[in-house]
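Colleague: Sequence:
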Amino acid sequence: MQQLTKTQTVVAEHLAKLKPEFDYPLAPLTYFKIGGPAEVFLDLTGREEIIEVVQFCHQQKLKLTVLSGASNVVISSDGIEGVVIRTANEEYQLLPDKIGDQRLVVVGAGYKTGLFVRQTIDDGLGGLEYFLGVPGRVGGAIYNNAHYLSDLIGKHVHRVEVVTRAGEVKWLTQEECQFAYDSSIFHSTDDIILQAEFALFPGNKEKSMELVKEATLYRAKTQPLGEPSSGCYFRNSSNTPLLKARFAQYAERRECPSAFLIDQAGLKGTRVGDIEVSQKHAAFFVNKGQGTSEQVLELAKIVKKRVHEEFGVELQEEVFFLE
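With positions in the sequence shown counted from 1, the corresponding number in our numbering is that position plus 799.
Mixed in with the good hints there might be a few duds.
[What the hints assert, rightly or not] What follows is a set of in silico ranges between Cβ atoms, one per label pair, in the way DEER data are often shown:
| hint | residue 1 | residue 2 | range |
| --- | --- | --- | --- |
| 1 | T1015 | E1109 | 43 to 53 Å |
| 2 | G923 | E812 | 17 to 27 Å |
| 3 | D822 | L1016 | 25 to 35 Å |
| 4 | Q801 | K862 | 26 to 36 Å |
| 5 | G881 | E967 | 18 to 28 Å |
| 6 | G1025 | L894 | 32 to 42 Å |
| 7 | T1039 | Q801 | 46 to 56 Å |
| 8 | E1013 | R1053 | 16 to 26 Å |
| 9 | K1006 | G1111 | 42 to 52 Å |
[What the hints assert, rightly or not] With a straight-line Cα cutoff of 27 Å, these simulated BS3-like cross-link-like pairs (lysine-lysine) come out:
| hint | residue 1 | residue 2 |
| --- | --- | --- |
| 10 | K1087 | K1103 |
| 11 | K897 | K862 |
| 12 | K1067 | K1087 |
| 13 | K1043 | K969 |
| 14 | K911 | K860 |
| 15 | K818 | K805 |
| 16 | K911 | K862 |
| 17 | K897 | K860 |
| 18 | K816 | K969 |
| 19 | K1104 | K911 |
| 20 | K1012 | K954 |
| 21 | K1103 | K1079 |
| 22 | K1079 | K1012 |
| 23 | K1020 | K1004 |
| 24 | K1004 | K1067 |
| 25 | K816 | K805 |
| 26 | K1100 | K1012 |
| 27 | K832 | K818 |
| 28 | K832 | K1087 |
| 29 | K1100 | K1087 |
| 30 | K1079 | K1067 |
No lab work stands behind these hints: they were computed from the structure. We put the CB at the ideal spot given by N, CA and C, even for glycine.
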């Protein structure tokens, strides 16, 4: 029997009731199908369990990594040291409270985003239709302020309950969450999202499903949905005088799509090992087989270098690298 590490021993002694897994393979949990094992893995389905583990890791000074739906991450092929938790709490409640004409819905961070949106539609509420096709779970969508075109999920959030890395539980208002494009306060605080309240207007189910269909068709047309991927690998670039002069179609926009720049640089189909720049959407990297995190990082380096040489733009990663 393989000897347990120090971290595994401590967890086995104190958190056995939560059924920790040791040297647990993470690749199957991710949308990219890449990644080595977690030293310790805990699949937590309850809010109280999440709080308990966060507080325990703080007290024991254990490295803690949080996975939501693992749709926007690249996990090192060497795996992740310390404790990895997946927030899988799927509570959902339509509250009697209202804010004007809006109804409040509370949802666990571990609820799958698509299923959450579908539930709100079934409950006669509108506003989230475009997010039905967003991969992953609600916690991750809030953490990264998921978007569909110009619609940001953060604008529908009323408040968010978090547990800090030190184990303090608190609620943050929408304003305190500091939502911005592909960003939120959680990028800097690293607080762990437990649940959220959404404020939604009454909707029309038939019209809502029309919006869902519209978004679904758009994604199917523009994104490599059938292939393992971490979604858009790069953020859109801030527009520059050079880009505005070269590409009149983006002259009035604050940003220039990273996919457009990568395409214009002739990089579609560029491949390192089994990782390829998607032929369908150039900002997506797709795993064509047995891709590794090393191949992902090497391809990213090639893409960033070429785009910088062509347009003077430094592409910024949208995905998170975990190790």
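Colleague: Evaluate each hint against the coordinates.
Modeller: Hints versus structure:
For T1015 and E1109, the Cβ-Cβ distance of about 33 Å falls outside the hinted range of 43 to 53 Å, so the restraint is violated. At roughly 49 Å, the beta carbons of G923 and E812 sit outside the given window of 17 to 27 Å. Between D822 and L1016, the C-beta spacing of about 42 Å breaks the proposed range 25 to 35 Å. Taking the beta carbon of each, Q801 and K862 are about 20 Å apart, not inside 26 to 36 Å as hinted.
With their beta carbons about 21 Å apart, G881 and E967 fall inside the hinted range of 18 to 28 Å. G1025 and L894 have their C-beta atoms about 38 Å apart, which keeps the hinted 32 to 42 Å range intact. Evaluation of the 46 to 56 Å hint for T1039 and Q801 yields a pass: the beta carbon distance comes to about 53 Å. A beta carbon spacing of about 25 Å between E1013 and R1053 agrees with the range 16 to 26 Å that was offered as a hint.
For the pair K1006 and G1111, the beta carbons lie near 44 Å from each other, so the given range of 42 to 52 Å is met. Between the alpha carbons of K1087 and K1103 the distance comes to roughly 21 Å, so the proposed pair stays at or under 27 Å and holds. At roughly 40 Å between alpha-carbon atoms, K897 and K862 are farther apart than 27 Å, so this suggested pair is violated. Straight-line distance between C-alpha atoms of K1067 and K1087 comes to about 14 Å, which keeps the hinted pair within the 27 Å bound.
For the suggested pair K1043 and K969, the alpha carbons sit about 44 Å apart, so the restraint of at most 27 Å is broken. A threshold of 27 Å between alpha carbons decides the hint, and for K911 with K860 the separation of about 30 Å lies outside it, so the pair is violated. Distance hint between K818 and K805 is fulfilled; the C-alpha atoms sit about 17 Å from each other, no more than 27 Å. In summary, the hint linking K911 to K862 is supported, as the alpha carbons are separated by about 26 Å, within the 27 Å threshold.
With a C-alpha separation of about 42 Å, the suggested pairing of K897 with K860 is violated against the 27 Å cut-off. Between K816 and K969, the direct Cα distance comes to roughly 26 Å. Compliance with the 27 Å bound is thereby established for this hinted pair. Of the supplied pair hints, the one linking K1104 and K911 is violated, its CA atoms being roughly 36 Å apart against a limit of 27 Å. A threshold of 27 Å between alpha carbons decides the hint, and for K1012 with K954 the separation of about 22 Å falls inside it, so the pair holds.
About 19 Å separates the Cα atoms of K1103 and K1079, which keeps this hinted pair within 27 Å; it holds. Taken as a hint, the K1079 and K1012 pair is honoured in the structure, with Cα atoms around 20 Å apart against an allowance of 27 Å. Under the criterion of a C-alpha separation no larger than 27 Å, the hint pairing K1020 with K1004 is consistent with the structure, at around 24 Å. At roughly 39 Å between alpha-carbon atoms, K1004 and K1067 are farther apart than 27 Å, so this suggested pair is violated.
A hinted pair counts as satisfied when its Cα atoms are at most 27 Å apart, and K816 with K805 qualifies at roughly 18 Å. Between the alpha carbons of K1100 and K1012 the distance comes to roughly 36 Å, so the proposed pair goes past 27 Å and is violated. Taken as a hint, the K832 and K818 pair is honoured in the structure, with Cα atoms around 24 Å apart against an allowance of 27 Å. At most 27 Å may separate the alpha-carbon atoms for a hinted pair to count; K832 and K1087 meet this at roughly 10 Å.
A hinted pair counts as satisfied when its Cα atoms are at most 27 Å apart, and K1100 with K1087 qualifies at roughly 19 Å. Between K1079 and K1067 the alpha-carbon distance is near 8 Å, which keeps this suggested pair within the 27 Å criterion.
Hint violations for this structure: numbers 1, 2, 3, 4, 11, 13, 14, 17, 19, 24, 26, all remaining hints satisfied.
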